[in-house]
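**Q** Sequence:
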Amino acid sequence: MTSRRQHIANLDTASFRAIAALAYRESGLTLVEEKSSMIQSRLRHRLRDLGLADFPSYCALIESEEGSTERQHLISALTTNVSHFFREEHHFNTLKTEVDRCLPRLRAGGSMRIWSAGCSNGQEALSAAITLTEHVPDIANLDVRILGTDIDPEVVRFARQAVYPQRLLGGVSKGLLSKYFEQVEGPTAGAHFTARNDLKNMIRYNELNLLSRWPMKKKFDVILCRNVVIYFDLKTQEDLWPHFHATLASDGVLFLGHSERIADPAKFGFSCTGPTTYRPTTR
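Mapping of the sequence shown onto this note's numbering: position 12 corresponds to residue 12, and the numbering continues sequentially without gaps.
Since the hints were made in silico from the structure, they are not lab data.
Keep in mind that a hint or two might mislead.
[To be verified] Lysine-lysine pairs mimicking DSS-like chemistry, simulated, CA-CA at most 25 Å apart:
no. : residue 1 : residue 2
1   : 218       : 200
2   : 96        : 200
3   : 179       : 200
4   : 96        : 218
5   : 96        : 35
6   : 217       : 200
7   : 219       : 267
This structure is a prediction, so every number in the text was calculated from the model and none was measured.
Input sequences plus hints: build the corresponding full structure.
**A** Quick look at the structure:
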């Protein structure tokens with residue numbers, strides 16, 4: 001005997017606006033009413049898991065003191081965690097140039113720091129590690145570190161485990177797959193692969209909301225913040241650019257996603273030096 005699936009009322013306008021306001025306040029996400037059906041679809045499973053029948057009840061929970069955990073689940077559900085390896089290949093070609101620039105310093109005992117801001121499931125950070133290792137085979141012996149951060153604790157946990165089903169390995173050629181990954185037993189059916197330990201040892205993952213205080217002390221030679229700010233309004237983007245400028249080394253580079261731009265680079269001390277590629281101009 002099967003139980004009837006719980007009926008959940010549709011997302012009403014007042015609840016949508018409450019959810020949109022909370023998402024903006026907590027994470028900078030801008031939700032428009034045209035996306036209400038998508039938001040309803042993404043949140044229905046949360047209501048079912050909580051045993052709630054309607055969105056006003058859900059809003060009451062997430063706005064309460066007891067709703068802090070659910071607020072985190074809300075942001076996770078609303079965040080688009082779609083990525084693949086070697087997305088926007090021209091950025092990784094530029095990354096080779098950057099490591100060449102840093103190599104004399106690295107050989108002399110210096111360091112190179114890379115930040116994947118909005119790292120999703122870790123494909124971007126691993127793509128950087130593979131690119132560096134392909135270009136400089138002994139990179140594991142040098143002080144090169146990659147930081148991956150994301151607001152979503154679920155994807156941070158996934159990235160730390162670094163066990164990828166075949167469907168998430170888009171962009172990885174057969175040659176790179178056999179060279180840098182090994183097949184392992186996964187949590188679900190089908191083939192799963194994990195990256196070599198030397199790659200994983202280059203990367204550290206942490207949770208970070210870009211709208212909160214950034215705890216990093218050292219400046220970064222390369223920052224990848226791709227397909228992240230597209231979900232923010234112009235004001236939030238313009239609040240972030242000075243922080244990226246302050247966190248980037250004076251000769252560093254900032255990569256954005258293919259649909260993202262700094263509207264007035266000079267205003268924020270940047271110059272555009274290539275497709276969605278920015279460098280600091282002033283301090």
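**Q** Each hint: holds or not?
**A** Verification of the supplied hints:
Restraint check: the Cα-Cα separation between residue 218 and residue 200 comes to about 21 Å, which is no more than 25 Å; the hinted pair holds. Between the alpha carbons of residue 96 and residue 200 the distance comes to roughly 19 Å, so the proposed pair stays at or under 25 Å and holds. Our distance criterion of 25 Å between C-alpha atoms is met by residue 179 and residue 200, whose separation comes to about 14 Å. In summary, the hint linking residue 96 to residue 218 is supported, as the alpha carbons are separated by about 21 Å, within the 25 Å threshold.
Restraint check for residue 96 and residue 35: not satisfied, since their Cα atoms lie roughly 39 Å apart, outside the 25 Å limit. A threshold of 25 Å between alpha carbons decides the hint, and for residue 217 with residue 200 the separation of about 22 Å falls inside it, so the pair holds. Of the supplied pair hints, the one linking residue 219 and residue 267 holds, its CA atoms being roughly 21 Å apart against a limit of 25 Å.
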